[in-house]
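Residue numbers (this note's numbering), protein chains in the order written: chain A, 1 to 158; chain B, 159 to 891.
It is possible that part of the hints are untrue.
Said to hold, decoys possible - Mimicking DSS-like on lysine-lysine, the simulated pairs with C-alpha atoms at most 25 Å apart in a straight line are:
#: 1; chain 1: B; residue 1: Lys256; chain 2: B; residue 2: Lys552
#: 2; chain 1: B; residue 1: Lys332; chain 2: B; residue 2: Lys392
#: 3; chain 1: B; residue 1: Lys696; chain 2: B; residue 2: Lys734
#: 4; chain 1: B; residue 1: Lys261; chain 2: B; residue 2: Lys332
#: 5; chain 1: B; residue 1: Lys697; chain 2: B; residue 2: Lys736
#: 6; chain 1: B; residue 1: Lys332; chain 2: A; residue 2: Lys146
#: 7; chain 1: B; residue 1: Lys697; chain 2: B; residue 2: Lys734
#: 8; chain 1: A; residue 1: Lys143; chain 2: B; residue 2: Lys443
#: 9; chain 1: B; residue 1: Lys877; chain 2: B; residue 2: Lys745
#: 10; chain 1: A; residue 1: Lys143; chain 2: A; residue 2: Lys71
#: 11; chain 1: A; residue 1: Lys143; chain 2: B; residue 2: Lys778
#: 12; chain 1: B; residue 1: Lys696; chain 2: A; residue 2: Lys143
Quick caveat, the hints were computed from the structure, so don't treat them as lab data.
The primary structure of each chain is shown beneath.
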Amino acid sequence: MPTFNFNINGAMRQFEVDADMPVLWLLRDYAGLTGTRYGCGIAQCGACTIHLDGKAVRSCTVTCAAAAGKKILTIEGLSPDGSHPLQQAWIQEDVPQCGYCQAGQIMSAAALLNTNASPSDDAIHTAMAGNICRCGTYVRIRKAIKTAIALQAKTSSL
Amino acid sequence: MNRRQFMRVMPLAGGGFMLSFYGLGKTPPAMQDTAPTAESAALGDFLSILPGGEVIFNVTRHEMGQGVSTALAMIIAEELCADFRQVSITYPDADPQKYTEAKGGHGTGGSSTVISMTPILRQAGATAREMLVQAAAAQWNTTPANCYAANHAVIHRKTGQQAGFGTLAAAAAKLPPPASAKLKNSKDFSIIGQPQPGKTLPLLVTGKLAYGMDASVPGMQYALVARCPVFKGKVGSYDAAKALAVKGVSKVVTTRAVAGLQGPVYPYDIREGVAIIASSYWAAKKGRDQLTVNWEEGPHAHASIAGFEAMAAQRGGQRIDPVGYTGEVNAIANIDHAKHSLRAGYVFPYMLHSLMEPLNCTAHFKGDSCELWTGTQWPEYITDEIHRIFGIPKEKVLIHLFPSGGGFGRRAFPDAAIEALCISREAGNIPVKVTWTREDDHQTNFAHCYQRLDYQAAWDDNGQLYAWYEKECRTYMWDRTYPATELTSIGYNIPNIRYDFEDLTSQSIIQSTAWRSVMSNGWALSECFVDEVAATLKKDPYAFRLSLLVEGREVNVGRAEKVSNTRLLKVLRLAKEKSDWDHPLPKGRGRGIAAYPYGNSYCAIIAEVTVQDNKVSVDKVICAVDCGMVVNPSGARNQVEGGVVWGLSALLYGGVDIRNGRVTGGNFNRHKVVRIHECPDIEVHFVEAQDEQPWGLGEISNPVTVPAVLNAIYAATGKRVRTLPVTLNHTDV
Chain A
1 MPTFNFNING
11 AMRQFEVDAD
21 MPVLWLLRDY
31 AGLTGTRYGC
41 GIAQCGACTI
51 HLDGKAVRSC
61 TVTCAAAAGK
71 KILTIEGLSP
81 DGSHPLQQAW
91 IQEDVPQCGY
101 CQAGQIMSAA
111 ALLNTNASPS
121 DDAIHTAMAG
131 NICRCGTYVR
141 IRKAIKTAIA
151 LQAKTSSL
Chain B
159 MNRRQFMRVM
169 PLAGGGFMLS
179 FYGLGKTPPA
189 MQDTAPTAES
199 AALGDFLSIL
209 PGGEVIFNVT
219 RHEMGQGVST
229 ALAMIIAEEL
239 CADFRQVSIT
249 YPDADPQKYT
259 EAKGGHGTGG
269 SSTVISMTPI
279 LRQAGATARE
289 MLVQAAAAQW
299 NTTPANCYAA
309 NHAVIHRKTG
319 QQAGFGTLAA
329 AAAKLPPPAS
339 AKLKNSKDFS
349 IIGQPQPGKT
359 LPLLVTGKLA
369 YGMDASVPGM
379 QYALVARCPV
389 FKGKVGSYDA
399 AKALAVKGVS
409 KVVTTRAVAG
419 LQGPVYPYDI
429 REGVAIIASS
439 YWAAKKGRDQ
449 LTVNWEEGPH
459 AHASIAGFEA
469 MAAQRGGQRI
479 DPVGYTGEVN
489 AIANIDHAKH
499 SLRAGYVFPY
509 MLHSLMEPLN
519 CTAHFKGDSC
529 ELWTGTQWPE
539 YITDEIHRIF
549 GIPKEKVLIH
559 LFPSGGGFGR
569 RAFPDAAIEA
579 LCISREAGNI
589 PVKVTWTRED
599 DHQTNFAHCY
609 QRLDYQAAWD
619 DNGQLYAWYE
629 KECRTYMWDR
639 TYPATELTSI
649 GYNIPNIRYD
659 FEDLTSQSII
669 QSTAWRSVMS
679 NGWALSECFV
689 DEVAATLKKD
699 PYAFRLSLLV
709 EGREVNVGRA
719 EKVSNTRLLK
729 VLRLAKEKSD
739 WDHPLPKGRG
749 RGIAAYPYGN
759 SYCAIIAEVT
769 VQDNKVSVDK
779 VICAVDCGMV
789 VNPSGARNQV
799 EGGVVWGLSA
809 LLYGGVDIRN
819 GRVTGGNFNR
829 HKVVRIHECP
839 DIEVHFVEAQ
849 DEQPWGLGEI
859 SNPVTVPAVL
869 NAIYAATGKR
879 VRTLPVTLNH
889 TDV
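Please build the complete structure, drawing on both the sequences and the hints.
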């Protein structure tokens, strides 16, 4: 098996893995980063959402070969201490129920806020439509994204 | 699932366990921050306190998203007089010897956790509080009566001296617990009733909360199973040569030894399959893709959902001996000759769970003992079945418990654990993590039972409803005796009511199981038929329901909780008050109402829909709930909101298509669930009842959502939809 160099949450790590193995399984079974979740394997549910060079991607359909050398950001690396405005907002609005999908939800929302500091409701729906929550916390996800936007505005105006 | 039934089964699951080697046990890695340590002092079975004051609460019931970790922590912290910010939670290993039936056991379902654990945890919290007070009194050479606990400390009434819980815990732990501790007055509650964010959230939003899927054991291998695509089929022959050639694949074994096993009382069925064992999930997946199996498809090889539905419809039309009736049984028979009558058949079809965390179990068979790592609603059932099937003594079954990414009834059954343990054994006693792919989940899993309800009603010349008949055909029995005496939860004041039941379990073409709210999903469709009667009589659906309810009236439906007309009236009135019921919506839009109990909680929902080009969008859903005391208003609202979305997924995308014995839907691309842009605005209002006991609400809103939306679709279009998912082209059942 080939050896690849990966930039995971800012750290360079080397793994000998199948070139066609999805990054999801690299993260979970090799790198010990289990916050990225398996939900469907075909980019339909969003539970495995990570950032690749700053863009939200479904890690279940990105191969190791394609991800090698690019910047991989997972939920564990979103902030050093859980203080990202979305993480704070998720707690403030008490969003999760089972929580299994929520890392993916937060990573999708984080990618949205990276490119659009003040998204419309439609833009929120478009960005989040790829993330399924079976517990049905959508009302709170909407609200928490708006709370995070307000938190972010407050921080940046300081 | 039905609460009474679930509580009845628990005694069979508990008791008699001897786990002599049990210590405090391993906790999921992410929870180690809060796990009890050597320096913590245990105050009873649920609490320990660290010298720094941190209180650690053992969550013994299963957390699967229903918020019990936080709600139960609030209940015990309330009686302890703790500062809730200093309370952490942990998930101990299953320990039926320690967590006996009297302590609530581990079994979790039927929205019963808060109901049954409240008295146990209030007493446990109060006991710990009294021990802390006693320790402080001894330290200050005074009597406990001169001391009281408040805000995480004990205070001397006279001197004002204070000692934090952390400094008292070690001494308190050495004291004999009082036989009975005095509980707080609910008027003095300061934690219960205040919204609290979930205790797991800091770990959860950083990706560190560990689920069963995250279990990792030294030497662990990964397995995927190719299960027979047809219910009750078998492995004929298989060719594993190509699978074994995949790098990382080490073994290929079958699950024949446990396949076809049935739950002795509570139903499950293990599908026969071939397991690929490999060094990683990915290698196992690639290996499985290379496997060739010739299946012996068995009795359901040619089964189709269309054929099954035709059979169910034929059965639904036949009267049989009633399970029960009120009034005059012949009044029902005479509906056929009534001057004014109506009949309609409704279906709540098979439904998939689509748990976000697919089923999984890590198991290690060790000959005369075994170890498992999994999220389960009922570890005692797993232990019982492992003993029965593998002959391992119950005290040699060690189950490490994890929270689950959704349970909804499916994780109450032991099949995934038994299958994983079998694979571990067949693979040579190595630890194996068995993961179900989403396709496995959607194509070879259990489903909500199929329920067909055939209704008839008759009224006199004055429009007075005098007879109501319903016949239910269902593919699931919670246990063998069900439903010997139980009626559906019709609360309306109709003089003659009759309920017939026919069990279609043996005709079912997939395995039926518990699915959030279980039978109530089908039962609540009576709220559509009530609507049909109201429309036929040209009466307002809200006013018509009120006319059928009598303040103070209680209806015996064969279980402990009677159906209260007063509480139905309360939720109906509250929902109407919060809506614009008296202001009709424009053309193309409609508003529908429904109300139904679950256990001893009540819910009314008013839904607003828009129907355009035969496409339904649900705009707004207003929920009024009476669940007695609300422990955690934030978690409680979350449950009701989530139930609405759960109901909408069933409405818009539910049902299971089966052809040639196979479930045809695959992944989420073909078997859909509601996404964020389809989610309506949801309002949740609680009836004020904080001086009553809590009654549970994880399953209250989804059964009511379905008829409320179906009635709204009728209001918008004039079309009655009588089966799910909603299709407006052909609607007759």
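inquiry  = Just to be careful, I want the Cα atoms of Lys696 of chain B and Lys143 of chain A compared with a cutoff of 25 Å; is the pair within it?
reply    = Answer violated: Lys696 of chain B to Lys143 of chain A is near 41 Å, above 25 Å.
query = Are the Cα atoms of Lys143 of chain A and Lys71 of chain A separated by 25 Å or less?
reply = Violated, at roughly 29 Å.
message = Given the hinted pair Lys697 of chain B and Lys736 of chain B, is their Cα-Cα distance within 25 Å?
response = Roughly 21 Å separates the two Cα atoms, so the pair holds.
message = Holds or violated: Lys332 of chain B and Lys146 of chain A, Cα atoms, limit 25 Å.
response = Measuring from Cα to Cα gives roughly 51 Å; hence the hint is violated.
inquiry  = Checking one constraint from the list: CA of Lys696 of chain B to CA of Lys734 of chain B, max 25 Å. Satisfied?
reply    = Given pair Lys696 of chain B, Lys734 of chain B holds - Cα atoms ~19 Å apart, limit 25 Å.
task = Verify the proposed pairing of Lys877 of chain B with Lys745 of chain B, using a straight-line Cα cut of 25 Å.
result = holds (14 Å)
query = Taking only the CA atoms, is the gap from Lys143 of chain A to Lys778 of chain B under or equal to 25 Å?
reply = holds (16 Å)
query = Is the hinted pair Lys697 of chain B and Lys734 of chain B satisfied, with a Cα-Cα distance of at most 25 Å?
reply = Between Lys697 of chain B and Lys734 of chain B the Cα gap is close to 16 Å, so the pair holds against 25 Å.
message = Given the hinted pair Lys332 of chain B and Lys392 of chain B, is their Cα-Cα distance within 25 Å?
response = Outside the cut-off at roughly 58 Å; violated.
ask   = Given the proposed pairing of Lys256 of chain B with Lys552 of chain B, does the C-alpha separation stay at or below 25 Å?
value = This hinted pair holds, its Cα atoms lying about 14 Å apart.
inquiry  = For Lys143 of chain A and Lys443 of chain B, compute the direct alpha-carbon distance and say whether it is at most 25 Å.
reply    = Given that 25 Å is the threshold and the Cα spacing comes to 38 Å, the pair is violated.
key: Given pair status - Lys332 of chain B, Lys261 of chain B, alpha carbons within 25 Å   = holds (21 Å)
Hint compliance for this structure: hints 2, 6, 8, 10 and 12 are broken, all remaining hints hold.
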